[in-house]
Amino acid sequence: MDEQTIFVLRRIFKKIPSRNIEDLLKNWNCLTADQLRALDYTRPKWTLVENIISFCEERRLNMKHITNLEMINRIENPDNDTWHSCQLVEPQDDALFVELTQFKEQLKAYLEGVIRHISIKIKKHEDEALWIRIAWGDNFSKPNHLKPTYVVHHLHTSYVFICNLMAKHKILLYQALVVSTKHGSIKDAHLSNRSLTAMRTLLLRHYQQVFPNNHSMILDEGNTYASHPCIEKEHAPHEERRDQLASEAFGDSPTPKLETAVYRLETRYRGNGKTTLSDKEELFRGVVKFSSTSLLHSLRHCVASGMVEGPVTPLLSAITQKGRNYFVITDKGPGVSS
Amino acid sequence: MTLLTPFSKVPELNTATILLVEIEEQLQSKLADVIVHYENEFNVNVRLARKLPLPVENKESRPRIDLIVFIVNLLSERSLQSVESSLNHIHSDYFLGKVCFLVTDARCGSYTQDRLASVRKLAASHQCPVICAEHRTADGIHAAAARLLSILKMSAGMSPIPTTALYLSTLTRCSATSDLEED
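If you read the protein sequences in the order shown, they are chains A and B. No gaps in the numbering here: position 179 of the first sequence is 179 in UniProt numbering, and each next residue is one more. No gaps in the numbering here: position 119 of the second sequence is 119 in UniProt numbering, and each next residue is one more.
Since the hints were made in silico from the structure, they are not lab data. Please note that the accuracy of each hint is not assured.
Quick list of simulated restraints, FRET-style, between CB atoms [claimed, not checked]:
#	chain 1	residue 1	chain 2	residue 2	range
1	B	C108	A	H301	39 to 49 Å
2	B	D93	A	T330	30 to 40 Å
3	B	G109	A	K142	51 to 61 Å
4	B	D114	A	I171	51 to 61 Å
5	B	T15	A	A236	43 to 53 Å
6	B	D114	A	K170	30 to 40 Å
7	B	L13	A	H301	40 to 50 Å
8	A	Q321	B	G109	49 to 59 Å
9	B	N58	A	H301	47 to 57 Å
10	B	P63	A	R194	26 to 36 Å
11	B	S125	A	D81	57 to 67 Å
12	A	P311	B	P63	30 to 40 Å
13	B	I161	A	H238	38 to 48 Å
14	A	E309	B	C108	21 to 31 Å
Quick reminder that beta carbons are idealized off the backbone N, C-alpha and C, glycines included.
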C-alpha cells in the first residue's frame with residue numbers, strides 16, 4: 001500500500017462514526033475472519049483505525065478495495081450529503097432497451113475517452129439503483145480519490161441524482177449520461193436535498209398519493225373513528241375536505257422528508273397605489289426559504305389542521321407535483337428558473 | 001348574517017348542550033370526551049366548532065345550545081382574533097350568563113400576559129366569566145370540564161337550587177379590568 005492509499009483510507013474512516021465501523025468491515029469482506037476478530041471495537045477510534053490500516057497492509061489491499069469500502073459506506077448512508085437531481089429528456093426510441101452492461105461500457109468508454117486519468121466504479125444496489133463513483137483526474141494528474149463524485153441512477157427512469165460534482169466536470173458527466181442512457185439532453189430538475197431517499201421517493205412517486213376524486217369523500221366517512229354519540233362536530237364535512245385537499249397536495253403521510261424549499265422572487269409590487277414601492281420600475285428581488293426537518297409534513301399539517309384557509313396555492317403544491325424545491329417567481333407567476 | 005339565538009328552540013328533556021369553539025382544535029375534543037363521561041345526572045350534548053357562524057346545513061339538526069365556550073390559546077394570536085370575530089355572530093341574549101371564555105397556556109411565555117389582559121377586557125365588556133385551564137395534564141382537563149359543567153347546569157336550568165344563569169353571571173363575570181389597568 002502506498003502513501004496515498006493509506007491517506008485516503010484514513011480520510012474515509014474519519015467520516016465514519018465508530019459504531020458503524022464493525023458492520024462496515026463485515027460488509028466489505030476484505031479482511032479475514034481472524035483479523036476481524038482481533039479488532040477491539042471498544043478501543044478509541046484512532047487506535048482502531050491504525051489496527052485496521054496495518055491489517056490492510058498485511059492483506060496488500062490496493063486503491064480498488066479502498067474505494068469499494070467507501071462506496072459501501074455511501075450506499076448504506078445515502079442521507080449525509082447534499083444531492084442534486086437532473087432530468088434526462090428527449091429519450092430515443094431504444095432508450096427503454098438500454099442494458100446494464102451496455103450502460104456501464106458506454107459510460108466508461110466515453111469518460112475514459114475524454115479524460116486520461118479517471119477512476120470509475122459502478123455498483124448495482126439491491127433496490128435496482130446504480131451507484132456510480134467517479135474520481136476525477138486530468139491529463140497530467142492522477143484521479144483525486146478524496147473528492148469523488150457520486151451519481152445514482154435507476155435505469156429506464158428519467159432522473160439522475162448527483163452529489164459533489166465540480167462545475168468543470170459537469171458538462172463531461174452530463175454528456176456521458178446522455179450518451180449512455182440514449183437520451184437527447186439533460187437538464188437540472190431543481191430539486192436538491194440532504195436525503196437521497198426522500199428525493200427518490202418524491203421524484204419516482206413512491207409515496208402514498210391521493211388523487212382528486214369525488215368518491216373518496218364517501219370512503220372517508222366510513223373511516224372516521226367512532227366517537228361518543230353525544231359529541232358532534234359542526235365543521236365535520238369541512239374537516240374531511242381539508243384533509244382531502246392536504247393529501248392531494250402533499251401526499252398521504254408519511255411524506256418524503258424534504259428539508260427546504262426556496263423561492264426566488266423577481267416580482268413587482270402590486271398594491272393599491274398608496275406606497276412608493278409600486279412606482280419603481282425595477283423588480284423587487286428577494287429569496288423566501290422554507291426549512292423544516294420534514295417540510296412536506298409541516299405543510300400538510302398546516303392545511304389539514306385549517307391553519308391555512310382555502311385551496312392550497314399552486315406555489316406550494318408544485319413541490320410535489322413538479323418534484324422540485326427551487327423556484328423562480330417572475331412577474332407573471334412561477335416561471336422557469338435559471 | 002345568521003345570529004345564534006338561545007331561545008329560538010324548545011329544550012329537550014333532561015338534556016343540556018354545550019358548544020366548544022376553538023380554532024386550533026387542540027383541546028376541544030379531549031375536553032368533550034371528558035365532559036360526556038363525567039356527567040351522569042343528565043344528558044350532555046357537546047358540539048364542536050372551529051368558529052362562528054355555524055354552518056347553515058346543520059341548523060335543523062342542532063339542538064338548543066345552552067352554553068357557548070370560547071377556548072383561547074394564549075400562545076397564538078390567531079386564536080384570540082378568531083374569538084373576537086366569532087363574538088359578532090351571537091345574539092345578545094347569550095350574554096346573560098350563557099357564554100364563557102376558557103383560557104389555556106396562561107403561564108407560558110411573556111406575550112401571554114398581554115393577551116390574557118385583552119381576553120379579560122373582552123370578557124368584562126361582554127359580562128362573561130374567564131376560566132383558566134391547564135390543558136397538558138389529564139387532571140387539568142378534568143378540572144376544566146367540572147367547572148364548565150357546573151356553569152352549564154345553571155345555564156341549562158338543570159340546577160335543583162333555585163338560581164338562574166343571570167344571577168350566576170353577576171357573580172362570576174370578569175370585572176378585573178380596573179386592577180389590570182393600574183399595573
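Looking at the structure, which of the earlier hints fail to hold? Of the numbered hints, 1, 2, 5, 6, 8, 9 and 10 do not hold.
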